[in-house]
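All chains should be modelled from the sequences, with the hints used to inform the complete structure.
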Amino acid sequence: MTLLEQVGHATIDRVEDAGALTMQFWSVLWKLPRLLPIVGAARRWRATVGQMQAIGASALPMSGAMSLCTGFILALQSASELRRFGALEMVVSLVAIGFTRELGPLITALSVSGRSASAISAEIGTMVVTEEIDALRVMGLDPVEFTLAPKYLAALITLPCLTVLSTLFGIFAGYLFLAFSMDMSLRVYLQAVAEAVLLRDVGFMLLKSMVFATIIVHVGCLEGLRVRGGPEAVGHSTTAAVVKSTFLVIFADLIATAIFYLVGWSSIR
Amino acid sequence: MTNLGAAKAGDAAISIRGVSMSYGARRVLDQVDLDVRRGEILVLLGGSGSGKTTLLKHVLGLTKPEAGSISVNGVDITRCSRSELHAVRRHIGVAFQAGALFNSLSVEENVALPLRELTRLAESTIKLVVWMKLIAVGLSDAGSLYPPELSGGMRKRAAVARAMALDPEILIFDEPSAGLDPIVSAGLDELILFLKRSFGVTILVVTHELESAFRIADRIAMLYQGRLIAVDRKEQFAGNLHPRIRQFLDREPDAMPRVAAEEFIETYFRGAKHDH
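Going line by line, the protein sequences match chains A and B.
Sequential numbering of the first sequence, starting at 0, is according to numbering that gives the first Met the number 0.
Sequential numbering of the second sequence, starting at 0, is according to numbering that gives the first Met the number 0.
Hints in this document: simulated from the structure, not taken from any laboratory.
Glycine is no exception: its CB is placed at the ideal position from the N, C-alpha and C atoms.
Simulated DEER-style distance windows between Cβ atoms:
hint, chain 1, residue 1, chain 2, residue 2, range
1, B, A24, A, I72, 55 to 65 Å
2, A, I72, B, R81, 48 to 58 Å
3, B, M131, A, G7, 56 to 66 Å
4, B, R81, A, R45, 18 to 28 Å
5, B, L104, A, M22, 27 to 37 Å
6, B, A24, A, V38, 43 to 53 Å
7, A, G7, B, P252, 39 to 49 Å
8, A, L206, B, R81, 29 to 39 Å
9, A, L31, B, R89, 21 to 31 Å
10, A, P230, B, S19, 26 to 36 Å
11, A, A40, B, T124, 18 to 28 Å
Next comes the structure, spelled out in C-alpha cells:
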C-alpha cells in the first residue's frame, strides 16, 4: 500500500467513525427521556442507577488520588519558579484556575476513560458476541434504550459530580503545599481561591465534563457494537475504545479551550 | 431447483422466496425458497459456512436480503414498517445458540422480561406465567439462579422458557445441541417434541447434528454453499442421493485437505530425502 493510500484509508476510517458516533449520539439522545423516573418507562431508571455506581462512584478513589497528586505536582513545579519573583502566593490562583478550567475535568475524564470506556466496550462487545443484542431486538426491546442510554445518562450525571470533587481534591493539594511551605492558613487560602475562580470557570468546567462524558460513553458503546466474531474481538474493541476516547477527550479539550481563548473568556480579568 | 421448498400459500408460517445475500464478493445465500408449514418441525441442516445462520438472521428480520422476500404469518418482513416488524416478532420466540440470557437478571427475571416490557399484565400474573414456563422446560427450581450459575443444558432450557414467554406461534432454535453432551442434548430434543405436541407451535431448528435432526424433524432442509439442495420429509431425505447429502449423512470428509496434505508431504519430506 502506498503512503497516499494509507492516508486515504485512515481518513475514510475517521470520517466513518465520526458519522457513526453522530448517528449513535442522536439515537441515544432521543431515548434519554424514557429513562427518567415517573415520566419514563417503568423500572428503567434502575439500570441508570446501577451504571452511575459503575461509571461514577467507583471511579472516585482513582480520580481523587490522581487529582491530589497532580495538584501537589502543579504547586511544586510552579512554586520553584514563582519563588524567584517572590510571588509564592500566586500558586493559589494558578492551582485554583488551572484545576477548575483544565485539570479537574481532564484528569477525571482520563481516569473514567481508562476505567469505563474499556468496561463499556467489553460489556457491549460481549453482548454482541453472545447474541444478547440480537435477543433484545428480536424480543422487540430497543438495545439503544436498554443498554446504551442508561450508560450515557449515568455518565452525564456522574462525570460533572466527579469533576467537582476532583477539582476540590486538586485545590486541597495546593493548600497542603502552601501550608507546609509558608504556613498559609486554610481561611486565607480559600479566600484567595474564591477571588481567583469565577462562576464562568465553574460553568465551563461542568460543560467540558459533560462533553467528555459524551465522548467516553459513545466511543465505548460504538467500539462494543462493532465487535464481530469471537471473544478475541472483544479484546481489540476495548483497546480501541480506550485509545480513541482518550485521544478524543484531549482533542475536544483543545478545541474547547481554543474557542474560549479566541472569544476572550479565558483572558485575565 | 427453484420452488423446491415452496408449499401452497396460506399454510406456511414462514415463507422464504428467492432470498439472496452476499458479503462482498462471497455469495452467502443464493435464491433460497423455503416454507415452514404451520405446526411442523422443520430442521434446517447445513455445515459450517453453509449460510444457515445468515438465513436465520433474515427470518428474524435482523438483516435484510439483497433480493427476495420473507413472509412471516403473511407479512413480508423485508418490506414492512418497523411497527409491523415488531408486531410480527411478538409471534416469534427464539432460543439462541448460547442462550443469550442477560447475566444481570436471574432466570425468573429473564423469562419475565418480555412480559414486563411488552405487556400490561399484573405482577402476580407475570409470576404465575413465569412459573408455568419454567415448569414446562423443567427448570421449576432454578428460577432464582443467575445465568452464570447454570449448566449448558439448563441455560438452553431457560432460553426456551424466555422464548415461550409471550406464547409465540413460531419457535426458532439455533443449534440447540451445540456444546451439550448426548444425554442433555437428547433431553432438549424431547423438550422440542413436547412443545410441538402440547402447544402446537411451529418450530424451525437450525443445526448440523444429524441424530438430533432425524429425531425431531417432520421435514429436513439442507443448505450447501448458500443453496437449498433438498427439502423433504425425513424418511425420504435419508434416501436422497445428492452427493453432498450423502457426504453429510455418511460423515465423509472433503477430499481437498487430504490431497493438499499429501502434496505437502510429497514436496517437502520426500524432496528432502532426495537431497541427502
